[in-house]
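Enquirer: Below, each chain spelled out in residue letters.
There are 2 protein chains.
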Amino acid sequence: MRIAIDAMGGDFAPREIVQGAVAAAKKYDCEIVLIGDEKQIRAELHGEDAAALRISVVHASEVIGMNEHPAEAVRTKKDSSIVVATRLVREGSCDAVFSAGSTGAAVAAAQLILHRIRGVGRPAIATPMPTPDGVTLMLDSGANVDSRPEHLVQSAVMGSLYAQHVFGIERPRVGLLNIGEEETKGNEQAKETYPLLKAEHNINFCGNAEGRDVPKGNFDVVICDGFVGNVVLKFAEGLAKTILGLIREEIRGAGLMAKLGALLLMPTLRRLGKRLDVREYGGAPLLGVNGCCVIGHGSSDAKSVASAIGVTVDYVNGKVLDQIRDALAKKGDSDRA
Amino acid sequence: MRIAIDAMGGDFAPREIVQGAVAAAKKYDCEIVLIGDEKQIRAELHGEDAAALRISVVHASEVIGMNEHPAEAVRTKKDSSIVVATRLVREGSCDAVFSAGSTGAAVAAAQLILHRIRGVGRPAIATPMPTPDGVTLMLDSGANVDSRPEHLVQSAVMGSLYAQHVFGIERPRVGLLNIGEEETKGNEQAKETYPLLKAEHNINFCGNAEGRDVPKGNFDVVICDGFVGNVVLKFAEGLAKTILGLIREEIRGAGLMAKLGALLLMPTLRRLGKRLDVREYGGAPLLGVNGCCVIGHGSSDAKSVASAIGVTVDYVNGKVLDQIRDALAKKGDSDRA
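First to last, the protein sequences are chains X and H.
Heads up: the first sequence begins at 0 in numbering that gives the first Met the number 0, then just goes up one per residue.
Heads up: the second sequence begins at 0 in numbering that gives the first Met the number 0, then just goes up one per residue.
Calculated directly from the structure, the hints in this document are not laboratory data.
Careful: at least some of the hints might be erroneous.
Each pair may be met inside one copy or between any two copies, as identical chains are not told apart.
Result set (EDC-like, lysine to aspartate or glutamate): computed pairs, CA atoms no more than 20 Å apart in a straight line [what the hints assert, rightly or not]:
hint	residue 1	residue 2
1	Lys-215	Glu-236
2	Lys-184	Asp-321
3	Lys-184	Asp-145
4	Lys-215	Glu-248
5	Lys-302	Glu-191
6	Lys-190	Asp-145
7	Lys-77	Asp-313
8	Lys-302	Glu-30
9	Lys-215	Glu-249
10	Lys-197	Glu-180
11	Lys-77	Asp-48
12	Lys-240	Glu-67
13	Lys-302	Asp-313
14	Lys-26	Glu-67
15	Lys-190	Glu-67
16	Lys-240	Glu-187
17	Lys-258	Glu-169
18	Lys-184	Glu-67
19	Lys-38	Asp-48
20	Lys-273	Glu-47
21	Lys-184	Glu-71
22	Lys-240	Glu-169
Values in this document were obtained by computation on a predicted structure and should not be read as measured data.
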């Protein structure tokens, strides 16, 4: 398996990306292709114990910045790292692409270069949200907004197949993110989507999920519009950071006994942090395009990158793409019939 | 000041409601009117040290349950506690109403009995979300969905006036909840609302707020559709509960040293919990109706009820209603001109 890594994408690129890729090459059974400024990448690799690893470099002279218009930048910067990396997947020389750069650019590159799977109106980003017993897959978490009900149903089918073949959950519990449990609750989008999900035989639809069900893990897959998903995802990140900051602040201002307590409790708090750390997952698959594409957080460090590459390896091994192609092509045929 | 309390609303009514009301009557300069089943309320009062307090009881023979259709129930159950309580405000015998019962019923009663303020298309629930330095007021958090851009602008004006006159913030920073900082980002609703907020001279509009800005406290007032706000609010509640549960679980499974650490750190963790506890605020004002109406969480205990009554007292004292009436009537006139 060969994975194309956008070495220039992310706040700490290329250093943390290269370090994460090296860690992943040691840990997972995969070959890594780093795409970006060859000189910079080689300089980073030089400092790593990487000579014996299956890592190669493909030069790309341009970078798409966080504030560029995604589709426009993908069209004009033909030699940007994300475009070249995505093209390697298109050409079949790599099995997947990972980028921690501009999410918009990664989505645009995937759409324009890999194209959508037949039967998919809009691709969706499926973010694994930590729960006490594992994760809830929330999609779409920001690829598209103002999605039509049929797009949400396609997301549900894709998310369910991902949970099944990558997480190994036999009949993933699929929920529709809504503001009440009853079928009649919600905005127009949710009210129109509910009966479609109920009628969809490809999934195990378990009704509406409320906001609280996401962190509690009451569903394996939660479906929502990309606007709502993105707000929730960023809210969760902000809240986690805020709580950690407050804990530090309270301990700093506390007495000696409390400081001793914090010290003794540290391994426990660390273990808890690990259970809640999005970096343990690090990457979110973009479902619905003809190729495995995984998106990382802009602030990804080496650890997040390594675990995101782990997500990518699992994604490829799960052969989810074939499953999605099958299910949605058949669904499209039967919907038209 | 007299406050009407729906004594039958909430998961732990009437006990926790009555206990909270007693605590509030001791703490705040207000008279309390408890509305509901007189026998039950008197029985609860009997156990409390309430004889010297300014607490009276108004009998109401019916209760609106959590699963009833709000508007229908309000129309048919004329003698339900929330309807009678809201009517006391309408008649001028009380200055405000508080309920921890069905949010839908409280909103419907307020709309049908108190009516909307002229210039307000849709009322909005303004929930104070805890931040490191205080709160961010998030509205609408669930009164309405699929709001039009002008409704969000009205919410912005109302939320800003509330933050100014109740929280004492001179020029509240108002943000539009969105999925990116740039003006061009977002769904249709957000893209149409942005320029209207920018042009609104009644507020200090500071641009788009992302999900992470809410817990970080980067804005004083964050405006969103009730669908998004409700999902975020319930997500926050669920996450907070999940984290607390995990801390307990980790400590239970930890070694003796960690247990000792937890013990020593307990006062610090409690202080932190207090800073993040929504119960410290307990109540969310429903803005946009002709009367002060405050809504509490269904799971409110006596502590939440007492602090929600504190919110209600502040709301009345802030004379926000007059401010809102003035601003929106003038705005309506100038919008029409």
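Enquirer: Does each hint hold? Answer for all of them.
Expert: So, going through the hints one by one against the coordinates:
When the C-alpha separation of Lys-215 and Glu-236 is checked against a cutoff of 20 Å, the pair qualifies both within a copy, at 16 Å, and between copies, at 10 Å. Taking CA atoms no more than 20 Å apart as the test, Lys-184 paired with Asp-321 passes in neither setting, with 35 Å inside one copy and 33 Å between copies. Proximity of Lys-184 and Asp-145 under a CA criterion of 20 Å is satisfied in both settings, with 18 Å inside one chain copy and 12 Å between copies. In this assembly of identical chains, Lys-215 and Glu-248 lie within 20 Å of each other by CA distance solely across copies; the values are 14 Å between and 27 Å within a copy.
In the homo-oligomer, the alpha carbons of Lys-302 and Glu-191 never lie at most 20 Å apart, since the shortest distance is 41 Å inside one protomer and 40 Å across protomers. In this homomeric assembly, Lys-190 and Asp-145 come within 20 Å of each other (Cα to Cα) both inside a single copy, at 14 Å, and across copies, at 12 Å. Within a single copy, Lys-77 and Asp-313 get their C-alpha atoms no closer than 29 Å, and across copies no closer than 59 Å, so neither meets the 20 Å cut-off. Within a single copy, Lys-302 and Glu-30 get their C-alpha atoms as close as 18 Å, which meets the 20 Å cut-off; across copies the closest is 58 Å, which misses it.
Taking the shortest Cα distances, Lys-215 and Glu-249 sit within 20 Å of each other only across copies (16 Å), while inside one copy they are farther apart (26 Å). Taking the closest pair of Cα atoms, Lys-197 and Glu-180 come within 20 Å of each other only inside a single copy of the chain (14 Å); across copies the shortest separation is 36 Å, beyond that limit. Taking CA atoms no more than 20 Å apart as the test, Lys-77 paired with Asp-48 passes in neither setting, with 32 Å inside one copy and 77 Å between copies. When the C-alpha separation of Lys-240 and Glu-67 is checked against a cutoff of 20 Å, the pair qualifies neither within a copy, at 27 Å, nor between copies, at 39 Å.
With identical chains, the CA atoms of Lys-302 and Asp-313 are at most 20 Å apart within one copy only, with a shortest distance of 17 Å there and 48 Å across copies. For a Cα distance limit of 20 Å, the shortest separation of Lys-26 from Glu-67 qualifies neither inside one copy, at 34 Å, nor across copies, at 55 Å. Taking the closest pair of Cα atoms, Lys-190 and Glu-67 come within 20 Å of each other only across two copies (18 Å); inside a single copy the shortest separation is 35 Å, beyond that limit. With identical chains, the CA atoms of Lys-240 and Glu-187 are never at most 20 Å apart, being 34 Å at best within one copy and 30 Å at best between copies.
Neither within a single protomer nor between protomers do Lys-258 and Glu-169 lie at most 20 Å apart by alpha-carbon distance, with minima of 46 Å and 38 Å respectively. For a Cα distance limit of 20 Å, the shortest separation of Lys-184 from Glu-67 across copies, 12 Å, qualifies, whereas the shortest one inside one copy, 38 Å, does not. For a Cα distance limit of 20 Å, the shortest separation of Lys-38 from Asp-48 inside one copy, 17 Å, qualifies, whereas the shortest one across copies, 78 Å, does not. Taking identical chains as interchangeable, the C-alpha atoms of Lys-273 and Glu-47 are never at most 20 Å apart, the minima being 26 Å within one chain and 46 Å between chains.
With identical chains, the CA atoms of Lys-184 and Glu-71 are at most 20 Å apart between copies only, with a shortest distance of 15 Å across copies and 39 Å within one. Taking the shortest alpha-carbon separations for Lys-240 and Glu-169, neither the intra-copy value of 34 Å nor the inter-copy value of 28 Å comes in at or below 20 Å.
Figure legend: structure checked against the earlier numbered hints; hints not met, in rising order: 2, 5, 7, 11, 12, 14, 16, 17, 20, 22.
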